[in-house]
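Asker: Just so you know, the sequences run in chain order A and B. Following full-length UniProt numbering, the numbering of the first sequence begins with 1 at its first residue and continues without gaps. Following full-length UniProt numbering, the numbering of the second sequence begins with 1 at its first residue and continues without gaps.
These are calculated hints, taken from the structure and not from any lab test. Errors might be hidden in some of the hints.
In silico lysine-lysine, DSS-like type, Cα no more than 27 Å apart, as pairs [claimed, not checked]:
1) A:K110 / B:K275
2) A:K183 / A:K110
3) A:K183 / B:K283
4) B:K283 / A:K110
From the derived model, a few chain A residues whose C-beta atoms are all more than 10 Å from chain B [claimed, not checked]:
5) S144
6) D152
7) E190
8) W210
9) F248
10) L276
Even for Gly, the Cβ is constructed at its ideal location relative to N, Cα and C.
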Amino acid sequence: MIPSVPRTRLFDALYLAYLVAFFIYLALPLAVTAVFAFNDAPFPSLPWQGFTMDWYLADGTAGRTGLFHDDTLLSALWTSTRIALWVTLVSVALGCINAVLFERLEFPGKELLYLLMLLPLVIPGVILGVSILVFYSGMANDLSRQWGIELDVFRPGLTLVIMGQVTFITTLTTLVIAARLRKFDRQLEEAALNLGATPLVAWFTVTLPWLAPSLFGAAAMAFLMSFENFNTTVMLTGSDTPLTVALFNRLREGSTPVLNAVALFLMVVSALLALLSVRRNR
Amino acid sequence: MKSPATRLSLILLLTPFLLWIVLLVILPHLQMLRVSFQVRESWDTLSWGLEQYANFFSESYYWRTFVRTGVMSLFTTFLTLLIAFPIAWYIARLASGRARGLLFLACLIPFWASELVRTYGWMILLRESGLFSAWLQALGWSDGPVEMLYNDAAVIIGLVYNGLLFMVVPLVTTLDGMEENLVEAGYDLGGGHLTVLREVVVPWAMPGIVSGCIVVFMLTLGSYLTPTLMGGKDSAWFTQQIFTQFITRFNWEQGAALGALLLGLSSLIVWAGLKLTGQSLRKVMG
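The following block holds chain B by itself, in its conformation from the complex (with noise of 0.2 Å):
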């Protein structure tokens, strides 16, 4: 039996979220999803139908770059877990007392600074009258101004550098947790070094790699900033092709066409990380 007052309080608390969830989250992408089943036939008059989505597919524009998206959003986010692994590994691990806190901060630096002010960053770096460029030159390792941004390695050093936060903090979470004995228990049942990071580590940081990876993968796949400045003419990233169609085309149905299949890619590449990892979304984000 509840009290009134239980009552009472369950409703205060329960009308604001709802509100923040509905008004916010589900109207909207509904409405998105609607708008995506619209064909406009004049300026005040809609149809309905399925033109927006033939249009994705006919024009190979769209969607080798929604495929190229999702590739190279799942390898920087591979890469991403392959550099923050052993730095994680050590913090948690190996590093002790004052200089674990450190370490710990110095991976935190970078993020006191916005993505714009990174890839910025990155910018001055690796264009061509950039800081690279003039040391090769010093060192007499090239005789010319070198170009190394605008192409795909470079989208992918801003973006894996955009991550790293966002990997290395729950990896140290979960093997901070980890007992030691379990390691030395591997070592002692003859298990090589492989052995035991597949057998008994991997298993173990599985929570953390995958609420890592779907941080990464969320904000790699959704990223807008980082492709346009740091790519070439042949990067596109698919989110830029939805800011074309709302912003610049003013084609809203078209958008949100495009809008609706990356977010339905996001959902099924989080979905099938969890079903293959055996890990549930509640476990690893909340």
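Here chain A stands alone, though its shape is the one from the complex (with noise of 0.2 Å):
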């Protein structure tokens, strides 16, 4: 089955045909999704009833409240942003940390300090939220009982939203730079010492710019990740709801095309994204 093996034609067109199958089940549900976000109609489903924007721009007056004027869903888009934006600084920032530990430095005990640092992937990621649950809103909770004392920051909340989703993306962020880095070829950071550069200068201005596109690729998968995370996010979150839990609770009501808008916005975002990340590594 390669090349230069031959095949029939038979095989040959079955496995064409396996393809498309394949293909159009990726395609299939994202692109039902993004159709009904236009149907005048009250239910995301058929008969196709006519184009309308009314499920991004209606103001709420004709009984129908577009995207753009949800004010409970564009609260719950802000709060995830600024999740993701956190989650994303403090993700890369400790995956190139580990990264440079990991590759750049020896130590004893290094081999299970790795091993360490890949546990947060083979965790499940309700897992992941309950036990901070349990640990830091547990100790607010003792603290409160015990001392009066009262640690708002470790109740479920955005807090505690932020470090559950960094424990898991920092081992991603951290094998993606330490990828990059592994392929640095380490004369020309010895060529800038030669040349009389200090090891930071050397950093700042031969290792880092190589780090560079894998830095921007870390940072838009965090980001994205972070954004998309529901399973760590739904046990941790407090008041201020995030966008996939807000939609959750508002599919499980019913569904209206308004989830249809949000969801084909969040994908134009997202390819955005990951085309720009693309673009930035060629």
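Relying on the hints, combine the two individually framed chains into one complex.
Answerer: Next comes the structure, spelled out in structure tokens:
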């Protein structure tokens, strides 16, 4: 089954059919979600009632509230953006530090610590959320009960959501940045040192520019993963609900095309972000 | 001998790493384990005991869901591997040039949308008032609306869909590095398609297979969203019970015990998978 091994016509035809079926399977759910964002009907289902922008623009006067006038969804969008920005910042910084630590330095126990670094990948997302809830929120409860100290940062809310997401996203950013650092030719850095640069200057003028594409890649990935995360977030969220949780709550009440409008909006934003990071990597 | 500068940089780089791993991973999980051994006697008195674990074993609903979730996650992972392998093979070995890049990008497209959006898309397609039902009726294959959502098959369709990317990417990466000579040699030595696949291709792709399977399995087992939205009354997922204990009932002790059990199950299966295939976590993940 490689180009140099003869195949029968029938096999080729079947293989092609399978490929086509696979890509239809991939595209179908997203395509219908996108299309029904513009259907002029109160439910996202057939028959097609004509094109409308109501699910984005309606201001609530005609019984329909579009995404851009829906305060709950807009504030959830803003909450998610704030969380994602913090998570990106922290996890890319930590990832960069971890990458240098594991690729450049030798120290006792390195093997073990490397395994610990990979650990969050094999912990179910819900458990990551639950353990952080138990530890920090439990601590806040105990402090409040025993000494009357109120530690509201550790109550379910933005801080805990950010902490929960940083836990596993840092492992991913570390792997992305470390992969790039591994390919770095250390002679370049030595050349800079020979030419009189201090280690710090060599790092900022030679190594960091080399890492830049992976930093952007890791940042885009971290932002998307944070924005889209549900399983860890749902355990830690407080009164400020992030978008995925707000959408989930809406969806349980019943679906309206506003959800399709949000979905399409998110798809476009993530596609742009993905394209941007691909372009930077070229 | 280490110079003071190396020492200093080691300390400076090691501190953030240790803070992250100790404060966000190790301590919270130890605390979860500790709480799972607590028994609440009244609102402010606690004692130690195995009651939470005893509840799990005596309440058949708990352990049935537990076993079901484990088995269905393994099945979903296996199905994802079967579906993804021919695709990865085509992208890595048969497609060339532009087609290759485009097909690979096409595989990534669903992941521009979140799990929630993907699940919602499937709900629009599968439910009673959904598109498949409408199409079946339009074609005359069905007299009334057909409900295809809220059953195990729907949950598996959604979970496989969620996992595909994480299977295709590592498979393409490992298959890409394979020497075509190896496969040719297999055929020259008289092997049929299946023999070559079993003796040459699969062993070569094993790191990618294991890596993809671990990620997909973890995503599936830890999923809350897809089983909740697409599953029916009989398709409970274990994460839902953890959620119920923590968020609805405020019974943290019971929830922590259920969480510890799920963590134990996932660690055990990942460990067994690595041992059976002779891979190491470092090799397949790092």
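Asker: L276 of chain A: least C-beta distance to chain B exceeds 10 Å?
Answerer: It holds; L276 of chain A is separated from chain B by about 12 Å at its closest Cβ, greater than 10 Å.
Asker: Taking 27 Å as the top limit, are the C-alpha atoms of K183 of chain A and K110 of chain A close enough?
Answerer: holds, 20 Å
Asker: When you look at the beta carbon of W210 of chain A, is every beta carbon of chain B farther off than 10 Å?
Answerer: It holds; W210 of chain A is separated from chain B by about 18 Å at its closest Cβ, greater than 10 Å.
Asker: Taking 10 Å as the cut and beta carbons as the points, is D152 of chain A off the interface with chain B?
Answerer: For D152 of chain A, whose nearest Cβ neighbour in chain B is about 18 Å away, the distance exceeds 10 Å, so it holds.
Asker: For E190 of chain A, is the shortest CB-to-CB distance to chain B above 10 Å, so the non-interface label stands?
Answerer: holds, 16 Å
Asker: K110 of chain A and K275 of chain B: Cα distance at most 27 Å?
Answerer: Satisfied, since the Cα-Cα distance of roughly 22 Å is no more than 27 Å.
Asker: S144 of chain A clear of chain B by more than 10 Å, beta carbon to beta carbon?
Answerer: holds, 12 Å
Asker: Mind checking the alpha carbons of K183 of chain A and K283 of chain B for me, to see if they're no more than 27 Å apart?
Answerer: holds, 17 Å
Asker: Between K283 of chain B and K110 of chain A, is the straight-line Cα distance small enough, at 27 Å or below?
Answerer: holds, 15 Å
Asker: Would F248 of chain A pass as off the interface with chain B, using Cβ distances and a cut of 10 Å?
Answerer: F248 of chain A not clear of chain B: closest Cβ-Cβ about 6 Å, inside 10 Å.
Going through the hint list in order, the structure does not satisfy hint 9, though it satisfies all others.
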